[in-house]
Amino acid sequence: MTDNEEPMIIAGTINELPFNKYKRWQWWFLVGLSIMFLIVGQSAAVILGRFYYDQGGNSTWMATLVQTIAFPVLLIPLFTIPSSSSEVSASYVPPSIKLIALIYFVLGIMIAADNMMYSQGLLYLSASTYALICASQLAFNAIFSYFINSQKFTALIVNSTVVLTLSSSLLAVNEDSDTPSGIPKGKYVVGFLCTLGASALYSLLLSLMQLTFEKVLKKETFSVVLEMQIYTSLVATCASTIGLFASGEWHSLHEEMKSFQKGEVAYLMTLVWTAIAWQVCSVGVVGLIFLVSSLYSNVISTVSLAITPIAAVIVFHDKMNGVKIISMLMALWGFASYIYQNYLDDLKARRAQAGTSKPHNESPC
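Just so you know, full-length UniProt numbering puts 62 at position 62 of the sequence shown, and the rest follows in order with no gaps.
Simulated from the structure, these hints should not be mistaken for laboratory data.
Every residue gets a Cβ at the ideal spot worked out from N, C-alpha and C, and that includes glycine.
There could be a bad hint or two in this list.
In silico PhoX-like pairs for lysine-lysine, Cα to Cα no more than 20 Å straight-line [said to hold, decoys possible]:
#1 K348 - K152
#2 K152 - K215
#3 K98 - K262
#4 K23 - K98
Restraint-style ranges between C-beta atoms, simulated for each label pair [stated by the list, open to error]:
#5 K187 - K262: 22 to 28 Å
#6 V190 - A336: 17 to 23 Å
#7 K187 - T80: 50 to 56 Å
Input sequences plus hints: build the corresponding full structure.
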């Protein structure tokens with residue numbers, strides 16, 4: 001590894017994976033771009049999703065479908081952005097098409113189920129409460145990464161996991177939790193459980209994606225990121241479309257559009273921009289899995305989830321009571337703990353890199 005290349009940190013070691021082949025500025029540029037996509041896309045998608053329900057939308061299957069239906073826009077960067085060439089070892093055996101198809105199918109079905117639970121959660125919760133509960137996904141991902149991706153637990157990561165778990169637990173026992181207008185108070189529990197379950201499944205998905213990159217695909221180009229997103233979104237979109245028609249909700253879509261409080265054009269624009277926002281978010285998520293790790297991707301999601309409640313207060317005038325404020329501060333604390341651990345890992349890796357490069361620079365004489 002040369003001095004201008006960036007190490008990839010997973011499980012506390014320097015992995016011989018694609019990103020140590022990028023120049024340092026290229027690696028940071030891609031990471032920064034992925035972070036921006038994730039934060040902007042996720043915050044906008046959650047706000048637009050809550051807006052859809054508030055203005056008269058009530059189809060959870062439609063809310064599920066828009067989370068993946070815009071995947072064809074990813075064909076643009078797939079064919080226009082050149083991928084960096086990568087070296088493949090002579091012993092590398094490409095995975096079979098059947099295996100890849102099976103993996104994408106399973107991941108796609110899991111994504112559709114996850115999106116449905118998120119849609120149910122957002123239906124019964126305010127945007128701020130929904131976002132804060134979603135922050136628990138970092139704690140779930142730390143656990144899944146430990147068992148699936150060999151992510152090492154340190155004191156800081158354990159602290160982050162515990163704090164985020166307590167943050168979600170505060171919302172679970174919050175008797176003054178606000179629910180959207182027209183939603184019975186009893187539905188809060190349903191929304192909480194659906195969102196919590198979706199967060200756990202989402203974390204499992206991230207770890208499985210990282211495992212797929214490392215053990216199955218083993219490609220070192222950015223196109224593999226987009227290909228995974230496109231094919232899994234295709235499967236999820238098909239599953240969501242089947243659910244929309246099988247449930248009979250498609251019969252009410254025309255009436256729903258006509259009765260949308262902001263008008264028919266606003267109804268269509270809400271769905272279109274929600275779909276685009278979710279795809280922008282997905283590119284950021286998968287990009288960070290590819291560039292760093294599933295756990296780091298989830299940490300950045302937590303940043304967005306900490307920003308969303310503030311946006312919800314401004315846009316929807318959500319109540320920000322003391323419990324929510326404490327929960328948000330704890331979520332930020334958990335995020336900061338992991339970021340600091342990542343900084344320590346990076347510092348350790350650089351020192352190890354400097355130590356191993358010295359013998360190569362010394363003269364044999």
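Cross-check of the supplied hints:
no.: 1; hint: K348 - K152; result: holds (14 Å)
no.: 2; hint: K152 - K215; result: holds (18 Å)
no.: 3; hint: K98 - K262; result: violated (47 Å)
no.: 4; hint: K23 - K98; result: violated (35 Å)
no.: 5; hint: K187 - K262: 22 to 28 Å; result: holds (24 Å)
no.: 6; hint: V190 - A336: 17 to 23 Å; result: violated (32 Å)
no.: 7; hint: K187 - T80: 50 to 56 Å; result: violated (45 Å)
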